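Sequence order for the protein chains is A and B. For the first sequence, the numbering used here assigns the number 1 to the initial residue and increments by one for each residue that follows. For the second sequence, the numbering used here assigns the number 1 to the initial residue and increments by one for each residue that follows.
Don't read these hints as lab results, they were simulated from the structure. Quick caveat: nothing in here was measured; it's all calculated off a predicted structure. A virtual CB, placed ideally from N, CA and C, is assigned to each residue, including glycine. One should not assume that every hint holds.
Calculated cross-link-like contacts (lysine-lysine; reagent style DSS-like; alpha-carbon spacing at most 27 Å) [as the list claims (entries may be wrong)]:
id	chain 1	residue 1	chain 2	residue 2
1	B	Lys437	B	Lys341
2	A	Lys331	B	Lys293
3	A	Lys368	B	Lys266
4	A	Lys331	B	Lys266
5	B	Lys266	B	Lys404
6	B	Lys39	A	Lys331
7	B	Lys123	B	Lys38
Quick list of the computed label-pair ranges, beta carbon to beta carbon [as the list claims (entries may be wrong)]:
id	chain 1	residue 1	chain 2	residue 2	range
8	A	Leu247	B	Gly329	27 to 35 Å
9	B	Glu70	A	Gly472	33 to 41 Å
10	B	Val429	A	Gly324	53 to 61 Å
11	A	Gly318	B	Pro343	49 to 57 Å
12	B	Lys404	A	Tyr266	23 to 31 Å
13	A	Arg5	B	Arg403	52 to 60 Å
14	B	Arg403	A	Asp429	51 to 59 Å
15	B	Gln77	A	Trp343	53 to 61 Å
16	A	Tyr266	B	Gly438	53 to 61 Å
17	B	Ile436	A	Gly324	58 to 66 Å
18	A	Ala444	B	Lys404	45 to 53 Å
Here are some chain B residues the structure puts well away from chain A; computed CB gaps all over 12 Å [as the list claims (entries may be wrong)]:
id	residue
19	Asn3
20	Lys36
21	Ser59
22	Gln110
23	Ala378
24	Arg403
25	Lys404
26	Val429
27	Ile436
28	Lys437
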Amino acid sequence: MHVIRLDAVSVDFDGRFQLSDINWVIEPGQHWLVTGTNGSGKSALVAALAGMGERMSGTWSGVPERVALVSYEQQAELIEAELRKDDADILDVISEGTPVGEIIDAGCQDRDLANELVDTLGLRPMIDRAFRKLSTGETRKVMLVRALTSQPDLLVLDEPFDGLDGDSLAWLQDHLRVLATTVPMVIVLNRFDEIPEFITHVAYVDDGHLAHRVERSDEASMADLYQLLHLKTSDLEVPQADPADRLPALNPSDPLVRITDATIRYDENTVFEHLDWTIETNQHWQLSGPNGSGKTGLLSLITGDHPQCYVNDIFVFGFQRGTGESIWQIKQYIGYVSTALQWEYRVGTGLRNVIISGFFDSIGLYSKSTDMQKAIADEWLALLGMSERADEPFSGLSFGDRRLVLIARAMVKHPPLLILDEPCLGLDDMNRQLVLALIERICASNETAVLYVNHRPQDAIRGIDNHLTLSGESAS
Amino acid sequence: MANYFNTLPLREQLAELGKCRFMHLDEFTEGVDALKGKKIVVIGCGAQGLNQGLNLRDSGLDVSYTLRAEAIEQQRQSWKNATSNGFTVGTYEELLPTADVVLNLTPDKQHTSVVNTIMPLMKHGACLSYSHGFNIVEEGMQIRDDITVIMVAPKCPGSEVRAEYVRGFGVPTLIAVHEDNDPNGEGLALAKAYAVGTGGHKAGVLMSSFIAEVKSDLMGEQTILCGMLQTGSLLCFDKMIEEGIDAGYASKLIQYGWETTTEALKYGGVTNMMDRLSNPAKIRAFDLAEQMKDIMRPLYWKHQDDIMTGTFSSGMMDDWANDDAKLLGWRADTAETAFEKTPAGDVEISEQEYFDNGILMVAMVKAGVELAFETMTAAGIIADSAYYESLHETPLIANTIARKKLYEMNATISDTAEYGCYLYNHACVPLLGEFIKGISTDVIGKGLDLSDTGVDNARLIEVNAAIRSHPVEAIGGVLRGYMADMKQII
Ligand SMILES: NC(=O)c1ccc[n+]([C@@H]2O[C@H](COP(=O)([O-])OP(=O)(O)OC[C@H]3O[C@@H](n4cnc5c(N)ncnc54)[C@H](OP(=O)(O)O)[C@@H]3O)[C@@H](O)[C@H]2O)c1
Ligand SMILES: [Mg+2]
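Using the sequences provided together with the hints, build the complete structure.
So this is what it looks like as structure tokens:
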């Protein structure tokens, strides 16, 4: 086998879907798993290897002639073709359609194997029946037999284990393992717990792009990929707030935040002045501006972490600052995540406690938590795909995982305002996607106003339509 | 002015010394209410002044600062600290006449002159607060009868007071009411509200007396906390050099060894620290500690006696009057010691190696903690207080040595602690001279030759029992239990 090489390849599928800028090298001896969310294009990608779709641009080399493909799309196509045959024969006697045996024989290169497979997969009783009369599971088995007996140079299987009964599944897994010593494979799977042993590489497809390529032996990247997939695909809901711990109600006619003619100044250096800003309930904001323009300072006027909040006209969550309120009364309405917080959050406590600390707005946990709070924290860990790690020390987590846990900590009480100060800063590509996936789930599933500091267009979050830009020239 | 403690009859002296009670969180349900709407004016904006003020303001209280006129005119650091944090700053005349509560957070040696200046400006029935009782107890400062006098003393440097508050926690704090000055019976309520405002209630509050605070604070800082660590550093370093151990290694073993070994105290007291040693090493450390305790016991007694009689404070006040000549001289001497001048070498020392090769250091900590505790409690100071001023604070001070050796320790602690530390050191170094001659590298620098790790069972049982049954372990277990309830993370 040759090296298969796709360079900047784009493929169009009937104008309905496009793969774009695919760069992929499959070396001899490699077996790839392709994964991604529903609709990400993972099936399209492997179908393209089997010659489907219209190649728009880019260069291809080394794709073998005989590529066997098993997929739902291809299964559907075959059934459709059978149905069309039926239509064509309408004038004649009513056709039963092509029998299973004939379908299997077409393209079969190994009759003994075909016989064995028909028996093993329990297809013998239906060998004379019309293919189109089979159930979906049975049709799938027929497709597998066709592919496996065609002596392909590349075997492409899209969700091959889907809908197989236990015995057939075990047999197929065994068979593929043997086959893997001679035939390269590309397999689409949505679940990581089913990855066959022989898989050497994993590709992650997102929005028509081949987003990540990871070597199986790179455990850290595999774990990230697993989590990303989990966050994108699990149907867990964002956990509810603690019903026993309701925040004091806010007056609905007040804005969440109203800053009037604000100034931040250090000695002679004015960071900004005459700044007015109102954040209404449920409004999402993006805050941007160059370094040093005072973004973090502005946020800390809101959170109460900036001492100059006492000399500015600031109204937050029903409190005019400096009139006898405590910062804990303010902080209870805010969820907050930033790189600085992550640096400060140096504690040896376990992940569950870190998430629970969000109920108390503390760094570390100093109060007894209720069973309800623990249960909610565990739901968050499940959402993050970290259920087994609840008691692991926070300080031992990877940088990206710590960020995810801190976002859960910020959200655990369902604050009216979630402040994300460059939540993707310092994260690699995969972890950025993880964080964005989590934030998108949060934005979509509740009534929190999100205040998002971000410069990078790639990191934009859907649904944020108010923008404040600090110019950095001491005026807004 | 006379030493206030010495004016009391013995019965009252003992009663005051014995005052100390660990307060439970549910005693603070009124929060900061007693201070709500009151005008709090802080004098001085240094380590304690700034950080306590930031916490009190963030707890919803009305805080402003008054500084001496020169500090305002010259826009000194204290003025910058206050103004850059958005606080109102005014002269004594501008702010004090309307103040309800005045926090005196100037250096201890300035208290007499500061309090004499501000008292006439304070309004009738106001409250004056301290964070250390030296002025009242040792100098016998008399406060106007209508004024309530309280103390709220965080058992940590100012930077920690702020950092722990921001995390949502606090630092252990001692509060007291000066019985002679509680005309309206509101002292305790004010002190409790103040402790809540700084976050101290979350970490544990000891209800004590001015006298117990001063006498235990002085004793702890002079002996185990600062004195023993300084003496131990100098002796262990010189010994290792004499025995041919690499200077960089010796310097590092000591600089970080105190921090590493005393970290074990935080979790499980002396018992846990000793349990970190191998069985043969533990028995060696135990024996060394017993020998040192016998040698040093008279010194600990002398320090406690001098503190009780006022000899210590009058000696130090003489030095204040003499422009700190002794203090500054001793400070300069410390900077010239071999340990201080030898940078830590670029060698890897594992956490366990600090124990294995620092058996003598572990023994010194054990001896110092136990002696200080025994001496304080024998003098009538209650066990809780003695625990905080000995075992509890040792790791906090050890951290400062890890940062920048003895220089950092002496820069962080108060001048009073520093003065007492040098006094102790000058007496203790010669006292341990003979003992140190008999020491070799198996207990400092290299560790025991453990080809045979066997020990006699009966002896090990005896040693373990002796370590565990020391009274500092009993009270430590109880107080760490309270702390752990509140603070799950250390
Ligand atoms: N450090 C600790 O770990 C600690 C712990 C607990 C309690 N305490 C106690 O807290 C109190 C304050 O200690 P600190 O460490 O915060 O002191 P500090 O950092 O030295 O600050 C003292 C402040 O007082 C001002 N000041 C100095 N001399 C003055 C004078 N003659 N008149 C008026 N103001 C004067 C200074 O400002 P200017 O010089 O600019 O005027 C400075 O702002 C002491 O009673 C101490 O025992 C300290
Ligand atoms: Mg002390």
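Here is how each hint holds up against the structure:
no.: 1; hint: B:Lys437 / B:Lys341; result: holds (23 Å)
no.: 2; hint: A:Lys331 / B:Lys293; result: violated (51 Å)
no.: 3; hint: A:Lys368 / B:Lys266; result: holds (21 Å)
no.: 4; hint: A:Lys331 / B:Lys266; result: violated (31 Å)
no.: 5; hint: B:Lys266 / B:Lys404; result: holds (21 Å)
no.: 6; hint: B:Lys39 / A:Lys331; result: holds (25 Å)
no.: 7; hint: B:Lys123 / B:Lys38; result: holds (13 Å)
no.: 8; hint: A:Leu247 / B:Gly329: 27 to 35 Å; result: violated (60 Å)
no.: 9; hint: B:Glu70 / A:Gly472: 33 to 41 Å; result: holds (38 Å)
no.: 10; hint: B:Val429 / A:Gly324: 53 to 61 Å; result: holds (55 Å)
no.: 11; hint: A:Gly318 / B:Pro343: 49 to 57 Å; result: holds (56 Å)
no.: 12; hint: B:Lys404 / A:Tyr266: 23 to 31 Å; result: holds (28 Å)
no.: 13; hint: A:Arg5 / B:Arg403: 52 to 60 Å; result: holds (57 Å)
no.: 14; hint: B:Arg403 / A:Asp429: 51 to 59 Å; result: violated (38 Å)
no.: 15; hint: B:Gln77 / A:Trp343: 53 to 61 Å; result: violated (27 Å)
no.: 16; hint: A:Tyr266 / B:Gly438: 53 to 61 Å; result: holds (59 Å)
no.: 17; hint: B:Ile436 / A:Gly324: 58 to 66 Å; result: holds (60 Å)
no.: 18; hint: A:Ala444 / B:Lys404: 45 to 53 Å; result: holds (52 Å)
no.: 19; hint: Asn3; result: holds (40 Å)
no.: 20; hint: Lys36; result: violated (7 Å)
no.: 21; hint: Ser59; result: violated (5 Å)
no.: 22; hint: Gln110; result: holds (26 Å)
no.: 23; hint: Ala378; result: holds (35 Å)
no.: 24; hint: Arg403; result: holds (16 Å)
no.: 25; hint: Lys404; result: holds (21 Å)
no.: 26; hint: Val429; result: holds (38 Å)
no.: 27; hint: Ile436; result: holds (37 Å)
no.: 28; hint: Lys437; result: holds (42 Å)
Of the numbered hints stated above, those contradicted by the structure are hints 2, 4, 8, 14, 15, 20, 21, listed in ascending order.
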